[in-house]
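Undergrad: Each chain is listed here by its residues.
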Amino acid sequence: MSEQIREQVSAFLDGELPDTETELLLKRLTRDGELRESFGRYALIGEALRGSGSQILTRGFASRVNLAIDGEPAQAPAHAQPAHVSRWWRPLAGVTVAAGVAAVAIVALQQRAISPRLNGAAPITAQNVTAPLKAAAGGQMPVQDGAGPREALSYTVPAASTDAPSALVPTRLTNYVFAHSKYSSGLGQRGVLADLLIEDDDPQLIPVQRAPQPQTPDTRVAP
Amino acid sequence: MTQLLPSRAHWLVPCALVGALVSAVPQRASGADDPREWLQRMNKALATRNYDGTFFHISGGRVETMRIIHRVRSGRVTERLQSLDGSGREFVRANDELTCYLPDQHTVLVEPRQDRGPFLGSLPQFDATVSDFYRIEALPATHTMGRPVRVIAVNPKDQFRFGYRLWLDEKTAMPLKTQLCDSRGQVIEQIFFARLDMPESIPDSDLAPTVHTDGMRWVRQGPSVDNASAALAAYRASQLPPGFRLTVQGAQTLGGASAPASHLVYSDGLATVSVFVEQSSSDSGVAAAPDSQVQPPMQGLTRVGSGYAFSTVVQGHQVTAVGEVPAQTVEFIAHSVKIYSGGGEIPHH
Numbered sequence: 063m064s065e066q067i068r069e070q071v072s073a074f075l076d077g078e079l080p081d082t083e084t085e086l087l088l089k090r091l092t093r094d095g096e097l098r099e100s101f102g103r104y105a106l107i108g109e110a111l112r113g114s115g116s117q118i119l120t121r122g123f124a125s126r127v128n129l130a131i132d133g134e135p136a137q138a139p140a141h142a143q144p145a146h147v148s149r150w151w152r153p154l155a156g157v158t159v160a161a162g163v164a165a166v167a168i169v170a171l172q173q174r175a176i177s178p179r180l181n182g183a184a185p186i187t188a189q190n191v192t193a194p195l196k197a198a199a200g201g202q203m204p205v206q207d208g209a210g211p212r213e214a215l216s217y218t219v220p221a222a223s224t225d226a227p228s229a230l231v232p233t234r235l236t237n238y239v240f241a242h243s244k245y246s247s248g249l250g251q252r253g254v255l256a257d258l259l260i261e262d263d264d265p266q267l268i269p270v271q272r273a274p275q276p277q278t279p280d281t282r283v284a285p
Numbered sequence: 002m003t004q005l006l007p008s009r010a011h012w013l014v015p016c017a018l019v020g021a022l023v024s025a026v027p028q029r030a031s032g033a034d035d036p037r038e039w040l041q042r043m044n045k046a047l048a049t050r051n052y053d054g055t056f057f058h059i060s061g062g063r064v065e066t067m068r069i070i071h072r073v074r075s076g077r078v079t080e081r082l083q084s085l086d087g088s089g090r091e092f093v094r095a096n097d098e099l100t101c102y103l104p105d106q107h108t109v110l111v112e113p114r115q116d117r118g119p120f121l122g123s124l125p126q127f128d129a130t131v132s133d134f135y136r137i138e139a140l141p142a143t144h145t146m147g148r149p150v151r152v153i154a155v156n157p158k159d160q161f162r163f164g165y166r167l168w169l170d171e172k173t174a175m176p177l178k179t180q181l182c183d184s185r186g187q188v189i190e191q192i193f194f195a196r197l198d199m200p201e202s203i204p205d206s207d208l209a210p211t212v213h214t215d216g217m218r219w220v221r222q223g224p225s226v227d228n229a230s231a232a233l234a235a236y237r238a239s240q241l242p243p244g245f246r247l248t249v250q251g252a253q254t255l256g257g258a259s260a261p262a263s264h265l266v267y268s269d270g271l272a273t274v275s276v277f278v279e280q281s282s283s284d285s286g287v288a289a290a291p292d293s294q295v296q297p298p299m300q301g302l303t304r305v306g307s308g309y310a311f312s313t314v315v316q317g318h319q320v321t322a323v324g325e326v327p328a329q330t331v332e333f334i335a336h337s338v339k340i341y342s343g344g345g346e347i348p349h350h
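For the record, the sequence lines run as chains A and B.
The first sequence runs 63 to 285 under my numbering.
The second sequence runs 2 to 350 under my numbering.
For reference, chain A alone in the conformation it holds in the complex (with noise of 0.2 Å):
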């Protein structure tokens, strides 16, 4: 990331970036995957920095951060002051900073971890279908306001459905997930529906964190 884009995501999330170069920034981050991939982490570390948490600050963190964010070591101590450093970094020379921190975006970009358990995926065929089945072209589905697209939908079956990999189809869990944001109170759902948006769906297993079981032992055995 070009310092001069550093310094434009920098002070977009600090919602002081003029109109005409916001929306630049956005198409650039719309068509620039690495560029998304740093605006994330830079989002993650910023809003950690503003205060969020209560952690201790500690010397150090500077460097850790940009490791995060560019991949690569910082490449200047903190108090040269360097060009590159983001304005998020610059009122942090000299001031202790949170060590925490980094570790939670190094963290968060390594829970993806994939489980072959939990790739089972659930294969839709034909039989599956509970939806009419026309082998009409499937067109777009209008979206009217009033008469509703239903009687515009034709729903287009692939002849072989066994040709498509499994990979392809949603996988139980994805099932799962749609049927709750049904049910998702709150903001919650958002994010659930967020999530089927983001094409790196497939449900992954990540380590588990060991939680507080019940109390008895017996409730997993059926009376």
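Just so you know, the hints here were simulated from the structure itself, not pulled from any lab data.
Beta carbons: idealized from backbone N, C-alpha and C, even for Gly.
Careful: at least some of the hints might be erroneous.
[Said to hold, decoys possible] Covered stretches of chain B (in silico footprint by chain A; criterion: 3 or more residues with CB under 8 Å from a CB of chain A, positions within the stretch not fixed):
hint	region
1	63-76
2	263-277
3	301-314
[Claimed, not checked] Counterexamples of contact, computed for chain B against chain A with all Cβ distances above 10 Å:
hint	residue
4	D34
5	R42
6	T49
7	R50
8	T55
9	E112
10	K158
11	A195
12	R196
13	P200
14	T321
Mind docking chain B on chain A? Use the hints.
TA: Chain B in isolation, oriented as in the chain A frame:
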């Protein structure tokens, strides 16, 4: 058209809709600073206004750019949520149906949706029960994206649920920025708008999906039944984290399944956990489709967006708890599920 972001010139010329909303809410009346009232204003704005915005969804260091279009016309709500980068996925909710276009999976999921809640979600009213487990407070007002905002925090009182921080536009009560936080205040998920327009009208063309569905398979989720048969209802969590109670029990045939899954919904009034129980394929007695595969059981903890899912197997039944709650909550609930198949008394919670 009222454009909230980023063209600030428009803020000086609020349209009739904004004016109507603002005038409808007593600006300086007693309670105007009550955070609960601000949340109600937000709910109303999200549900009743027209808006078209681009926002960033940041979770786990990943950023997705999304566009939300929400139209209310003659009492009918049509919504479209679109991923602007990567997957090209879109959701369209219209006419009591939610259609999920998954071009990367060559699939379109359709599900009946009678609920009226907006895609962007809303928060329920804070009654005494919710107040037992969450503390709501107004934080100092500030500016976000150059606009004055009210900041409302909904803090969980224990580690079994997440909280929210909301930056609500002073004029429209729209949430310009929201954060999902854990009990220690760590941000788990963040959404903020880069652009937000509140037009007087939105054309049909803006609500039509851009996905080409030629050759895609359409999968219709079976209708959910809120009063499931006794057999399907014979599952319960025998223990629950504080404040959670059973709010819905039902069954639904999910895409790809040959038999309905039992679906239990537990809520503390704000957070919601769904529990799905399915008989394992080999035990279901239903002949598998010739070209289908036997599904391996799922076990373990999975990150699902801003929440978690935990799967386990109980007496040949696949049990999965999923929700926007901490990992320990879904694990706790999934582990406590009992199968009441012997005619024993089923607990009501």
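Undergrad: Looking at the structure, which of the earlier hints fail to hold?
TA: Hint check: 8, 9, 11, 12, 14 fail, others pass.
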